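Peer 1: Here are the chains, one letter per residue:
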Amino acid sequence: MGDWMTVTDRGLSSESKSISQYTSEIKMSPSSLYSQQVLCSSIPLSKNVHSFFSAFCTEDNIEQSVSYLDQELTTFGFPSLYEESKGKETKRELNIVAVLNCMNELLVLQRKNLLAQENVETQNLKLGSDMDHLQSCYSKLKEQLETSRREMIGLQERDRQLQCKNRNLHQLLKNEKDEVQKLQNIIASRATQYNHDMKRKEREYNKLKERLHQLVMNKKDKKIAMDILNYVGRADGKRGSWRTGKTEARNEDEMYKILLNDYEYRQKQILMENAELKKVLQQMKKEMISLLSPQKKKPRERVDDSTGTVISDVEEDAGELSRESMWDLSCETVREQLTNSIRKQWRILKSHVEKLDNQVSKVHLEGFNDEDVISRQDHEQETEKLELEIQQCKEMIKTQQQLLQQQLATACDDDTTSLLRDCYLLEEKERLKEEWSLFKEQKKNFERERRSFTEAAIRLGLERKAFEEERASWLKQQFLNMTTFDHQNSENVKLFSAFSGSSDRDNLTVHSRQPQKKPHSVSNGSPVCMSKLTKSLPASPSTSDFCQTRSCISEHSSINVLNITPEEIKPNQVGGECTNQKWSVASRPGSQEGCYSGCSLTYTNSHVEKDDLP
Amino acid sequence: MNFSEVFKLSSLLCKFSPDGKYLASCVQYRLVVRDVNTLQILQLYTCLDQIQHIEWSADSLFILCAMYKRGLVQVWSLEQPEWHCKIDEGSAGLVASCWSPDGRHILNTTEFHLRITVWSLCTKSVSYIKYPKACLQGITFTRDGRYMALAERRDCKDYVSIFVCSDWQLLRHFDTDTQDLTGIEWAPNGCVLAVWDTCLEYKILLYSLDGRLLSAYSAYEWSLGIKSVAWSPSSQFLAVGSYDGKVRILNHVTWKMITEFGHPATINNPKTVVYKEAQKSPQLGLGCLSFPPPGAGAGPLPSSESKYEIASVPVSLQTLKPVTDRANPKIGIGMLAFSPDSYFLATRNDNTPNAVWVWDIQKLRLFAVLEQLSPVRTFQWDPQQPRLAICTGGSRLYLWSPAGCMSVQVPGEGDFAVLSLCWHLSGDSMALLSKDHVCLCFLETEAAVSTACRQLGGHT
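If you read the sequences in order, they're chains A and B.
Numbering (full-length UniProt numbering) for the first sequence: 1 to 614.
Numbering (full-length UniProt numbering) for the second sequence: 1 to 460.
Excised from the complex, chain B in its bound form (with noise of 0.2 Å):
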């Protein structure tokens, strides 16, 4: 494992290209390109103020900033360097702003959900959507880029409405059973739309492309609901996290509930392996002192060691005890990722915030439980192959496969706190990023692990 030079980075804006040649990075108000192989600055575009926002176009031609503050949307070309595009939202303002799947129009929803500008970059045309609904996610789009769904709120109730993304005809419209719709989510095969209720209320309807009800699940009732929603890759299952620290799986066919995987605070089962990240301050012997161990002088040594050991079960897990009485309590599935090939599913419990729970989709049963020292902040699913990387917002990069389990420390000067990271889609190499910083991290062929793995024997 290689890491690079740190390069600086605000508001952890940072993006591998979808092509995976290039990588964006922001300072400030500077936009930087850089090759991502070597690391060289390709473009370095200037905007109008602090950007609050980037995103690629799906054909990595194009890169969009948003200035949120200024209601300010500036679009860069990668091949020609001296094209420009603004976009005013002016008085109306600019709370988000997407590409749409062709990479020509940007979607720009003003301040108070008035309304979505569709902005062509082929044409003079503009598009209006109006009354969008304010919701956490009130976009999706298919994965081939065909459809976008968009939740509308219009005289208290819920509407869904289908666009077709190639001339934004409106494909369908429909109302929606619900009493306060928090989120829309199309399946990766484009034909099954997921549609959520607030929190208050545990319930997901499943709607066909053509608008027809499929099917509503609700699991229970007078407390608080779904928190989070994710498909399987494979479009063949629907995990559904909830408040009372459950995920439910639902299955395409009936779309009735296969399984129910609860995340208990002691774990018994013998066959799930539990990583517990363990601290180990360095032994700060006579002969340690005076003489630096070898290796360790690509960086400061580590105030202490930390790696993974297997706890031998029953384990109990650190909870934490929600404040009930505020809103969003720090309880229930907060994030769920399914593995790319649709084999595991990884789990946050917001009240046992160390642990990352990996669950076996094929025999529907708990595979391994990963304790850490800290809570966690993210984790994301290598694209190719069973592998999670999480960070914590210390100073280390944890990797989980079905193989095992490691934590690297990322060298550099002082700590370099992993708040977030992104693979790159090839899974070879990922971008930590820090407060103010960017890494990457190369994940290489096994002889140069290897190699890489006796220099930094004393880290790990």
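Chain A extracted, bound-state conformation (with noise of 0.2 Å):
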């Protein structure tokens, strides 16, 4: 902006000096202003100049203005217009060339002014638009300016409210929790008071009672009394003994043997508990070992340093833990060691089953391009055009075959042209006849090579399926391996523990419950959906054999706490509840509303599930 100023300024000034040249002129000398006016004004100045006054020169004075106009150019600096004079006296000579030079000077410098003048008139120009672009750009800004200022000042405004809303919440807070502070001090102080209140009318109670006590009670009452034909033996057949030091010691000793009878059979049951767990992980581990040692030796797998030297420390391990003798050791020295090998196996395995997983999604992926996988696609492409040529040559055939069988009809229906074309017909027919051996040799060459393409796609069939099994089987192996491990890893062993963990006697009666759920006799199912209720409602003899079962089983396994009979039974049993429970969901009437039979699918017990391994 200043500089635009500036321009404004030097330009005013310039035009000022101009007009002040002007006027300084006209007052000098009206007379002689023509001249001046033709050498420095500008174009249109010089006409209305022009158009005002007579010529600056005339006839009559050109002596004067020669002399003025010298006198100006010498004051502006330019060289005289007389020539030297040589003589005082003598008259100045106008030296012509000095003029013409004065009057080009003059020229070129007009014409530098104008160019000047026009520079500066477009850069005015364009400093103006400048100018308007800043102003519009400015006022634009103050606008913006504005708004945000207004809009800072409502955001200070609700700023201000919501922290006086704020305040108020928290007044309210406060209040409350003042409010909640107080009202538990009453409750308090009313639980205090009431009970000082129950104390005390408990006490004149008791007193009331004592009062009451002493006059029912000590008094002879003859009525209370027992009015009894014969006193009856005891339960027992003992004799009743007298109290004496000796019973209170006995009682004692009792007490405590029932306690350590109990403490006994609760470390019993959580020792036992421990040696089911050690064996479930001990089995683990050992599946583990039995699943990741192959891998190992395959030289296709890629076998990390670590991975390999962890199994071999587990293996290590495995052959250290396998001792009968490690599981009775206390859970502490072997806990360490079985864990972590576990953990580090469970690790392995873990990446295993990644990485085959992602090769299997490869395979998948990549699908059918494989070396005896693709052939399938061009084997059917072939076939396809094989059958196209198979067809072409019928088509040939029949067309040939309806062409001589019209050659003949003709030939039989006009003996006379066929007797002219004798000749022709036979050499034709021996051609014909050459040609039909030569298509059939050709039909039974495509008829072969069909038959073997066809023998070659069954085969490859074939091999496909066998593929496809082969894969199966993998497959199956690897989720039957991992689902092993899936329920030993999982919750059910924990609940398991978390019912095992106190009773024999529960044990027994989570087993015997099973049977329990299920009908025996769904196979007459009745139409009648009561009736398949009530069925299973009683309890079916089987029950009662199966419950008689478990005790002796219950009974061999508190003899013998670490013994494994009971697992060994339990597989085949437990299987047969299996089917019945299937059995029962089907019955039960829940199941018309087929969404609830997997309520009580979820019957299968944890047990089933832990018992039913290797």
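No wet-lab data here; the hints were simulated from the structure.
Keep in mind it's a predicted model, so treat the numbers as computed, not measured.
A few of these clues could be false.
[To be verified] Pairs of lysine to aspartate or glutamate, DMTMM-like flavour, derived with a Cα cap of 20 Å:
| no. | chain 1 | residue 1 | chain 2 | residue 2 |
| --- | --- | --- | --- | --- |
| 1 | B | 133 | A | 470 |
| 2 | A | 199 | B | 180 |
| 3 | A | 199 | B | 201 |
| 4 | B | 271 | B | 305 |
| 5 | B | 130 | A | 273 |
With the hints in hand, could you dock these two chains into one complex?
Peer 2: As structure tokens, this is what we get:
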């Protein structure tokens, strides 16, 4: 902006200068203005001047005007128009060369000035537009500033309101808290007061009771009595004993015995559970090792150093731990090793499974573009092509046959012509026959080729099937291995432990419960829903049988805690139960609504899953 | 399912003997003992007044009949009908009477809980126990009958005394950290005693047989607390039902809570089976009116049929709005019972009185909900298998087992309103009690049941 201002100033000053010049000229010599005008003023101005004044120089005043011009020019620093006078008296001569030079210089100057003026004008214009732009910018920014200022004010207002609200809420919260506190205090004080009152009342009550007791009990109430025909014997057949210190001691002993028994019993349970869990871990470990070790031997499989060492180290561990005696060690000694190794193996297994998964997905992605699989498409294309060819051949043969027949027919129709053409016909026949046999041969060839192709296709299909089977079995194997671990790892174990935790008896009941859930005679499934139901309700004889066997087992196991016999017996029985259970699902009324069948299916006890393990 | 004929009964007093051979029932002042199988009257005893309480001795040889109004207890022998015994508490009065586990002692609680008198049938000896606490469940015997725990109150403090039942010797005596003890209960294994505080405070304490405090548990403060407590038959779990409508299960190892069973008014879990009792009015077509359906000859046709329907989740249950400014509000878990195999837990939330909740304890989740048409009066587990019998004061008996659910109309003249029921210990039969009748219900072997069902097809 400043630039622009200065520029305008300069312009103004130059203008004013020219004006002042002009006025001074007028003042100085109005008659000699013409020459001046021609030389230095702009063209439009000179025109104007011409219109107002007659010429600057006339015949009469050449001298004056020349001298005036000379004067003027010398003041502007031009050389004098006159020649150097040789003598004082001599009249100075007008130097034409100098005049011309002066004129030329003046013209050049004029042109320069014009150019400069033009430049200045354009610059002026440019600057003007710039200024406009900047002004608009300025106003826009000003507006923006205004709006943002307004916004800010609004926001500040809102902030203030929110803060106000917040303060109010805080206040409310505080009030509520106070209220709660107050209420709690009230409750507490009421409670204490209540307790106090109660105590007071109770004391009174006790006093009254005492009084009553004295009144009722102490005076010999004849009514309080037992009227009995004869005393009966004790249930145990023994006679009552006197209370002595001995009996007291005996009672104490007995009590502690009972407590001890209970604790022992519980310890046994816990031991059993521990053994069971250890066994599970052991088994898991073994299976993991068996699963992981062959993989190590595979040449294709890139075995990391770490995994290799882990496995070998694990195997050593297994060798150590598989000894039965290790199980009896306290958990603390074995736990570390066992859990660590299992954790490691689990990690390996996991990574392995992931790898396998990736591979499987890759195979799926690649589709059937692999060596033995590709040929199917080709084969199909080929057979199609062949079939097309055969079709063509057949058509050809047909047309030929038709032609032949036509010819023959025509031959038969017209004897004369036939006679005429006989010779040709024979020839042709011969040729056709030849061709016919050729075609037949070709056809045969085609047939053979086709057969071979179909055979190949069949063979391929078989191969494919075998391959599929192999893959399925492999996947199944993989999955089974995984699921066995899942079972062991799942919460079921935890649950089981929670259950078996305390009592043999409980275990028994849990097991024996299962058969009770299911009806045994579902096969005759009568349509009446209720009959099915009631059938399921009473205990069936087989249930009690089962209970008996169970109790036998439980006795057995209670004698020999770490005996595994119950485990050995379980699976088949449990399996039977399982199937029964499925029947029960079918029989229950709920299964009309299909969605609920899942509900009772969930019965499959954790034991079942567990015991299914080899 | 077969039903016996109905017998008279008063005050719902009807009990199977512990050995399962006999059935004792009271009609006013008469005590009738029947054979369970033939239902023939074996003995008939006449008491001095209307009987208010009966109890079999543990060996099924004696029956105790208490007449609280007169302060009298009469004992009858099954073996010797002429034998008699009468205990008069005189002016001290009588509020409770029970057998000791040996069946040779009777514990009588006098009025105002002044004392407990232990009468012996073997000797002349009489023992007194002072300061028994007047509470809901102040006496409990271990299942083996060796020990008795008794809640006492002295000097405004709660105590528990443990007695040896064989000679009534005090074994342990300790104070409990309770405001106002409400109940005590032995674990079935007889080694742990659960002691819980009044409903004003949620507090349950567990004591060992030797009086050591094993653990104390409190779920919350400043609100109504425990309403009901039940041990699992395996002694592994202790279920605590409280006024907040939740059951908390404590374990026997750490005595900490394993899980919390809420009783929401809407059931969303699709794994839970919700049985809804539905009533169907018989269709009164013209044909039906003129020809009564076959099979209804046994009794008059019930006015309506009811059956269970499986409701699809989410199901919302009928709830009562409790009156909170009265004592004993109808909220919270009022009834709790473990199945004999500890596998299921049946509960009733008192503000959804029509529903019975059955929880799977092994999976620790809700297994089934039965919503009845009327409030559930009682439920009891079959002593032999997970089978739950429910009555609602109507003429129907409801049975639940994991396989399903059914409702059975009790046949007979008029409506037999089943107010209470008790199982025979074999689980083959049960006694259904109405206001003044008793009826036996036989759940027999499959063949019998299926024929019975065919007969009863119209009713169910």
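Peer 1: Run every hint past the structure and note whether it holds.
Peer 2: Hints, one by one, checked against the model:
Simply put, residue 133(B) and residue 470(A) have alpha-carbon atoms about 77 Å apart, too far for the 20 Å limit, and the pair is violated. Only pairs whose Cα atoms come within 20 Å are accepted, and residue 199(A) paired with residue 180(B) is accepted, the gap being roughly 11 Å. Between the alpha carbons of residue 199(A) and residue 201(B) the distance comes to roughly 17 Å, so the proposed pair stays at or under 20 Å and holds. With a CA separation close to 28 Å, the supplied pair residue 271(B) and residue 305(B) exceeds the 20 Å bound.
Distance check on the hinted pair: residue 130(B) and residue 273(A) sit about 46 Å apart at the alpha-carbon level, beyond 20 Å; violated.
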